[in-house]
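Quick note, the sequences are listed as chains S and U, same order. Residue 1 is where the first sequence starts when you use my numbering, and the numbers rise one by one after that. Residue 1001 is where the second sequence starts when you use my numbering, and the numbers rise one by one after that.
Calculated from the structure, these hints are not laboratory results. Because the structure is a prediction, the values reported are computed rather than measured. Honestly, I wouldn't trust all of these hints.
[What the hints assert, rightly or not] Just the calculated beta-carbon pair ranges, DEER-fashion: (1) S1390/U / D226/S: 18 to 24 Å; (2) E1215/U / T377/S: 25 to 31 Å; (3) V1004/U / T377/S: 45 to 51 Å; (4) D1216/U / I60/S: 29 to 35 Å.
[Stated by the list, open to error] As a list, the in silico DSSO-like pairs of lysine-lysine whose alpha-carbon atoms are at most 27 Å apart: (5) K298/S / K252/S; (6) K84/S / K342/S; (7) K1342/U / K1383/U; (8) K134/S / K1349/U; (9) K22/S / K252/S; (10) K342/S / K393/S; (11) K1188/U / K79/S; (12) K1079/U / K1188/U; (13) K22/S / K1134/U; (14) K1079/U / K1049/U; (15) K1342/U / K22/S; (16) K188/S / K84/S; (17) K1079/U / K1022/U; (18) K22/S / K349/S; (19) K134/S / K49/S; (20) K134/S / K1134/U; (21) K188/S / K79/S; (22) K342/S / K22/S; (23) K252/S / K1188/U; (24) K1134/U / K252/S; (25) K134/S / K298/S; (26) K1022/U / K1252/U; (27) K49/S / K1049/U; (28) K1298/U / K1196/U.
Note that CB positions come from ideal geometry on N, CA and C, so glycine has one too.
Listed here are the chains, written in short residue letters.
There are 2 protein chains.
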Amino acid sequence: MNYVFSDRVAGLQASAIREILKFTSDPEVISFAAGNPAPEAFPVERIRKCSDAIIAEEPITMLQYGITEGYTPLRDLLKARMAKLDRFRADTDELIITSGAQQVMELACKSLCSAGDTLICEAPSFIGSLNAFKSYNADLVGVPMDADGMDPALLEDTLRTHPNTKLIYLIPNFQNPTGQTTTLARRKELYALAQKYNVLILEDDPYGDLRFAGEDVASFKSMDTDGRVIYAGTFSKVLSPGIRVGYAIAPKEIISKMVVCKQVSDVHTSNYGQMLAYRFLTGTDFDAHLAGLRQIYKQKAERMIHGIESCFSSAVAFTRPQGGLFLWCTLPEGNDMPGFCKRAVADYKVAVVPGNAFMVAESDVTYSFRLNYSTPTDDAIDKGITMLGSLTKDMFGC
Amino acid sequence: MNYVFSDRVAGLQASAIREILKFTSDPEVISFAAGNPAPEAFPVERIRKCSDAIIAEEPITMLQYGITEGYTPLRDLLKARMAKLDRFRADTDELIITSGAQQVMELACKSLCSAGDTLICEAPSFIGSLNAFKSYNADLVGVPMDADGMDPALLEDTLRTHPNTKLIYLIPNFQNPTGQTTTLARRKELYALAQKYNVLILEDDPYGDLRFAGEDVASFKSMDTDGRVIYAGTFSKVLSPGIRVGYAIAPKEIISKMVVCKQVSDVHTSNYGQMLAYRFLTGTDFDAHLAGLRQIYKQKAERMIHGIESCFSSAVAFTRPQGGLFLWCTLPEGNDMPGFCKRAVADYKVAVVPGNAFMVAESDVTYSFRLNYSTPTDDAIDKGITMLGSLTKDMFGC
């Protein structure tokens, strides 16, 4: 029979990125296209011990149905940890465990945005979140960034012309894809605009614990005097993405709607992952573990930046992230960026993600592409950056 | 600030069942309201061995990101197993691993139903699925059942008056909440109507492996000559619900849309649960394990039925399930069923789920309530049924 699909999925088609990503199964291709934690960052031995303890001590809790809100010991622990960071207020906030931070984006949009409501995001932004918003028929509008974060004048224009805006989606720390951090002054400006136009902020912070340079910047959640910030955290980048454990902190009324939506989505998050995260946080020195991760990513980021400085054409601009997994390169304006990315993978065997993959519409013009330094080995970073450098010099001179 | 939620969640409010369920945290209350596997049904020792092997042999696969479609060894194994049962056709079908069968309902509805499309379900049916459909603004219409399954004449009336019907949702084996099994003749009739009106069937089969009496009945999927059946299976009732692993089998075009929707929902299902299911299926005698489960549930069902026969007023009708976890009792017409359920829990300390919890609208009239026999101990079954029996005799005589 012929299938007629919903209007929700019509806009979610296989994209140009897939064209690039399919090359990455070729073992000769060096991939800077992923967003995976470094394999050496997984604390396998300590995870084995936590896992043994779960099955020895709480097998039925692990195997039986859990509650939708999440495993209570983990929730209590995260509330206490986040309260110390001024991201959880016991009197007004609640916390839900989710199946990765991706599910926070889905539940927030599903709970809050009727079809056609406007949701504003940074341009560029994380493709997974953008597709989640699109899948609920949100009217997604991208607002360009400068070096300090989302442009406040352009945000205000957008808020003025889109009175049905519900949410502003922001990744303030080491943004995916740009690697940029929104400054404190800019955060205050953006928050003030959210107040002025009475909209919510969805603060996505998967990389916040992975700062390896500079000073921490206060979260939107910590400056939230009105209950207008939903904060999304995750264990994907600091413990394991395979266990699919994230969390959202928001005013109680919002979390209670997200609970209802989660119940019909997957009932609850896998108990094992939640219990593993809890045991890992309580039974090991988590802060020392984070310090170790920062060291790994600092070294990888510096290696990649050093390679770019040595090998790339000076016509190519790039960001210098203070944390996270990505940096962002920009070709001189007017050049054929998608063509560059195709040549990189086809002729030079190096995969990068073309920047239009992160735009609201893939047809939006950008001259940038994303590089990931967390997944490749040191050797692969050196070789791949050298190859990419040759291509940049071939195209743009020294 | 004041929050305005989406029109999707407006209809998903805390319900009358919650009124009942909150009593179940009282340790004095005997609960027949759950739907959990029996704790003694969890093969903890064998799970421990599988778990040890996963972390010893494939820690990085377990901890790193997986692919949205699911862990390939488990998918291949399920395809082979389901092909033998005539539920998977390699030339036209595909299989996706989901975060429990609940997610199959969500992904199927999200992929196929635009807002306002009609989705037909049995009345009564599983509340979790109904809420998932409502959360996508599907126009949900319930069609009553008789002893053989959904009423075909009423189904045809509904299909005629709702030309925008996309899906018929059916639980053919040991239905939740009624415990009834749709007969083969009725399945053929319902399938023929789906053909005549060119709609899809969503076949939800969480309990199919838990048959403890009678003969297996051919699945809708096995009689599907047109590619109009989406089959949902799960490990929740045969291994563990806490690991959240289910699967869907459907024509490739449909699965590819479900993959896109799953990617924006939770990226992929927890690797640990998938790997555990795979190891359990390959490393142990799964069929012997199923035989053991059937024995547990057969004994519990017989115990509850025996109690009902001995203790209940003969004015109360009840179903005799051939498998699964539930049976369904019906008070004489015109009686106050919700009042009966409230008295049961408040005065007799026995919790049951009032039948209107399973109707499309909670205001739909029904005189039935659901009893679960898988979760309570033998002792609790004996005591609880005796208490309920007293209430029935008090209200309806012997």
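Hints versus structure:
no. : hint                         : verdict
1   : S1390/U / D226/S: 18 to 24 Å : 55 Å, violated
2   : E1215/U / T377/S: 25 to 31 Å : 58 Å, violated
3   : V1004/U / T377/S: 45 to 51 Å : 49 Å, holds
4   : D1216/U / I60/S: 29 to 35 Å  : 30 Å, holds
5   : K298/S / K252/S              : 37 Å, violated
6   : K84/S / K342/S               : 47 Å, violated
7   : K1342/U / K1383/U            : 18 Å, holds
8   : K134/S / K1349/U             : 48 Å, violated
9   : K22/S / K252/S               : 43 Å, violated
10  : K342/S / K393/S              : 16 Å, holds
11  : K1188/U / K79/S              : 54 Å, violated
12  : K1079/U / K1188/U            : 24 Å, holds
13  : K22/S / K1134/U              : 37 Å, violated
14  : K1079/U / K1049/U            : 25 Å, holds
15  : K1342/U / K22/S              : 59 Å, violated
16  : K188/S / K84/S               : 21 Å, holds
17  : K1079/U / K1022/U            : 41 Å, violated
18  : K22/S / K349/S               : 12 Å, holds
19  : K134/S / K49/S               : 41 Å, violated
20  : K134/S / K1134/U             : 19 Å, holds
21  : K188/S / K79/S               : 24 Å, holds
22  : K342/S / K22/S               : 12 Å, holds
23  : K252/S / K1188/U             : 49 Å, violated
24  : K1134/U / K252/S             : 23 Å, holds
25  : K134/S / K298/S              : 34 Å, violated
26  : K1022/U / K1252/U            : 43 Å, violated
27  : K49/S / K1049/U              : 14 Å, holds
28  : K1298/U / K1196/U            : 38 Å, violated
In this structure, the hints that do not hold are numbers 1, 2, 5, 6, 8, 9, 11, 13, 15, 17, 19, 23, 25, 26, 28, in rising order.
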